[in-house]
Amino acid sequence: MYTLAEIARHIDADLIGSPSVRIHKVASLLNAREGDLTHLSNPYYRAYLQKTQASAVILKSADAENCPVNALVVDNASLAYAKVSQLFHRNEAMPDGISKKTDIDPTAQIGEDVGIGPFVSIGPNVILGDRVKIGSHTSIGAESRVGDDSYVHSGVSIYDHVEIGQRCTIQANSVIGADGFGFIPDSDGKLQHINQLGGVSIGNDVVVGASSTIDRGAIENTVVEDGVKLDDQVHIGHNCVVGAHSMLCGCTGLGGSVTIGPHCVLAGGVGIAGSGPLNIASGVTIGAMTYVSRSIDKPGTYQGATLHTDIESWRRNALRFTKLEELAQRVAELEKKLKERD
Amino acid sequence: MYTLAEIARHIDADLIGSPSVRIHKVASLLNAREGDLTHLSNPYYRAYLQKTQASAVILKSADAENCPVNALVVDNASLAYAKVSQLFHRNEAMPDGISKKTDIDPTAQIGEDVGIGPFVSIGPNVILGDRVKIGSHTSIGAESRVGDDSYVHSGVSIYDHVEIGQRCTIQANSVIGADGFGFIPDSDGKLQHINQLGGVSIGNDVVVGASSTIDRGAIENTVVEDGVKLDDQVHIGHNCVVGAHSMLCGCTGLGGSVTIGPHCVLAGGVGIAGSGPLNIASGVTIGAMTYVSRSIDKPGTYQGATLHTDIESWRRNALRFTKLEELAQRVAELEKKLKERD
Amino acid sequence: MYTLAEIARHIDADLIGSPSVRIHKVASLLNAREGDLTHLSNPYYRAYLQKTQASAVILKSADAENCPVNALVVDNASLAYAKVSQLFHRNEAMPDGISKKTDIDPTAQIGEDVGIGPFVSIGPNVILGDRVKIGSHTSIGAESRVGDDSYVHSGVSIYDHVEIGQRCTIQANSVIGADGFGFIPDSDGKLQHINQLGGVSIGNDVVVGASSTIDRGAIENTVVEDGVKLDDQVHIGHNCVVGAHSMLCGCTGLGGSVTIGPHCVLAGGVGIAGSGPLNIASGVTIGAMTYVSRSIDKPGTYQGATLHTDIESWRRNALRFTKLEELAQRVAELEKKLKERD
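Protein chains in written order, with my numbering: chain A, 1 to 342; chain B, 1 to 342; chain C, 1 to 342.
A portion of the hints provided could be inaccurate.
The list cannot tell twin chains apart, which means a pair is met if one copy fits it or any two copies do.
Stated by the list, open to error - SDA-like mimics (lysine to any residue), calculated; alpha carbons at most 20 Å apart, straight line:
#1 Lys190 with Asn204
#2 Lys25 with Ser78
#3 Lys336 with Glu326
#4 Lys25 with Leu87
#5 Lys190 with Asp75
#6 Lys51 with Arg33
#7 Lys60 with Gln192
These are computed hints drawn from the structure, not numbers from a lab.
Please model the complete structure; the sequences and the hints are all you need to start from.
In structure tokens, the structure reads:
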């Protein structure tokens, strides 16, 4: 429980209303009740403001006059809400102490105040920093390291020679350090394996979503820099470099040797892969379901894909797409003919 | 083993042939032998009917005259086959009793006739209904519940505060309740975490495929309603609502705050995400690999994506697509010029 | 450590330089130092050749004259490097002997020199061949088999009645044999389950990437033939047949009943699914992010999808795509009018 005055101070907001009101939890604009704090960030929800029954709303000054209850006025309501959300943890049980139902190699070095859940296996020469938490059923291979204050959830498979920095969160069932996909056909067309001799380096403050995969490098390490956030079911191929503070949304996949600059945003379902290495500049945003087959040199927002329509229209349009070159040539021909007659 | 008469009764079919024939198993039209029952649902397989060596075939009346063997005539051969398939279980070993190699919190409540495999971890205040089966290596976090007769397979990570209804099936290695992907850049461009305080609610008779991910809500719960079927590698973002009896095929992903109505079918590889919440009406079918960036208000079948061609044609067509607006303006210009001359 | 002479012999290369030079490890052209062997396969890296500090480079004869250091001249530098990479293993700890923290059914048959990690569960009548390695937290269901010299990594869920051949590698957290996605709506629109009675057959020398899913067949087995390589997060639906020595890159998904011929290459993010079974001929290459909705009869390279542009251009072009049929008809109308005037 916090007073509005305390929360206003925490997020550096102008409080319009009563400082002594008590906030017990956060809620959505639509469903908030007395004692709840809510926020208006996405304009989509503006229609709900007038009717909210929250005790207070975090919002921008432009919305303040329409707020029927206490208002916490800020420049960036999303960011202010993020800070508030960190005050209202949910009651999640984290591993506390080291379960006896584990398999920890005697050469592993375990820091202070580490929590390790049941059925965790830790290999030779692993180093866990202070206050690290390892969820149940996670395995950590030989020579790998997890930095201070990182939390690896349940069912994660970390291979050997993987380095994870400090304050990272690895969600459940992710795989870090599996072999990169390196095969080359021999003269019989049989696929010969290229041994994957590199590792994976993950910086500080990185989040890896559930069931994501980050492959180890072929020769040098695959690299995920500080502050990167990966959503669920993201795939990072071997020898990729994901630049600091970039964000890759769900189901996005990077083929091998893709370098993403810092502060990029890749929306969901994006695929980046080429016949050689690709480079994406810093500050690039790529829209959902886009296929990127060439490097992008300039910051900006890029998009590919098509829009949906009813399926009958789509069938005709998609067929026309398969002859678009021909159509363009017919247009050029028409232009030529018309010019000849001028 | 069943007689044809018994099977005809079970699926309410008209039997053309001998009621006393014994059926030992089901098989495909092409490979069925004596003692096998097969079915003709997809017209693609009609060519195999004349040569089948099955003892009987489930089919529609229109196909009956071409059936060389006993026929079970029904209106809906797929549905009738589904019912028959349920008579011929495969011999799968399910957890029976509670393995001693588990880690079950003493505050957990376990129903009658529950089966729990080895290396399962169950957290504080978890409630498992009667006849629940939990496969090996599955973890269930604090305060979560699994309803009567549900079967959670191996390697599933269920976080805290997740509710799963009755008669559900969760296939292996899925993750339910991982943090939603909520980050917001601060003034330095560093991504601040929005704590994910909601949970996940899953109704009755839901199937979740292997390696699928359903994220917990930011404030309120992510919801999967009764009878929903999710295939493998499906991703459901935070605060989605998937309507009753909808079906999401493999590799489909929903960004945050997507609401799908009841009785929808999303084919494989579909991606639905927008800058704000999106709503898909009930009874909508979306074709494979379609990107949906706007809400869909009316029932019907929708499709996006492009068709494949040989790569040389595609290169030219795809380049033309990047200048399609210009081409359309050139056509408009031609129309204008031609009109001027009329 | 190997001498250049030894390596030249191993990969059947012409050595230009000093046979007695000692090679301690492999490295990239850019970062190689004395004692390192590197290779030039992708023309993208040719610019780095002149400045390399490696002790030797594997390359084609056309590049030999620009090589400032010892050269190993071969016809196929990628393939030669693959062979060399197999000489320089990384030091990965594999399960050695059978951990005592396992749950192995007494009816399981375990071959010679098998290694089984901690927290592995093995069901009734499972057969593990000689020298099989099973990583921690893997479960193998009843009646399944793993052939000689195969390595199943950590956290893999293998269901019942799955057959895996010899010398296979299954990367972490994959799922083999989960139920195929078979549901059919009844007259109320509720989805009835089609029991999945088949299994999965995987040949020899197959690689399955991390977090991939291969579903069991509805009636007959899903089949992955000899030498197939699957990358991470690949999905194979029920009753697919993946032909020998084919390669499916990351995030590619096959719907049910898709048959891929031998020696195919599916790049990343490809989706293949139709209303009936689809067949892809042998020797087909499909480019990244392509949707394949029809069978492909001839060998060759195919591609779908669109190219990215800046988002403003894309918005206009994508809207035009939704009226491409109309545009084509307008062009046809113009052609007609112009012809009338001739």
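So, going through the hints one by one against the coordinates:
Proximity of Lys190 and Asn204 under a CA criterion of 20 Å is satisfied inter-copy only: 12 Å between copies versus 41 Å inside one chain copy. In the homo-oligomer, the alpha carbons of Lys25 and Ser78 lie at most 20 Å apart inside one protomer (17 Å), although the nearest pairing across protomers, at 50 Å, exceeds that limit. For the homomeric pair Lys336 and Glu326, the shortest alpha-carbon distances inside one copy (15 Å) and between copies (17 Å) are both at most 20 Å. In this assembly of identical chains, Lys25 and Leu87 lie within 20 Å of each other by CA distance solely inside one copy; the values are 9 Å within and 51 Å between copies.
When the C-alpha separation of Lys190 and Asp75 is checked against a cutoff of 20 Å, the pair qualifies only between copies, where the shortest distance is 17 Å, while the shortest distance within a copy is 60 Å. In this assembly of identical chains, the alpha carbons of Lys51 and Arg33 lie at most 20 Å apart only when taken from the same copy (11 Å versus 68 Å across copies). Taking the closest pair of Cα atoms, Lys60 and Gln192 come within 20 Å of each other only across two copies (19 Å); inside a single copy the shortest separation is 59 Å, beyond that limit.
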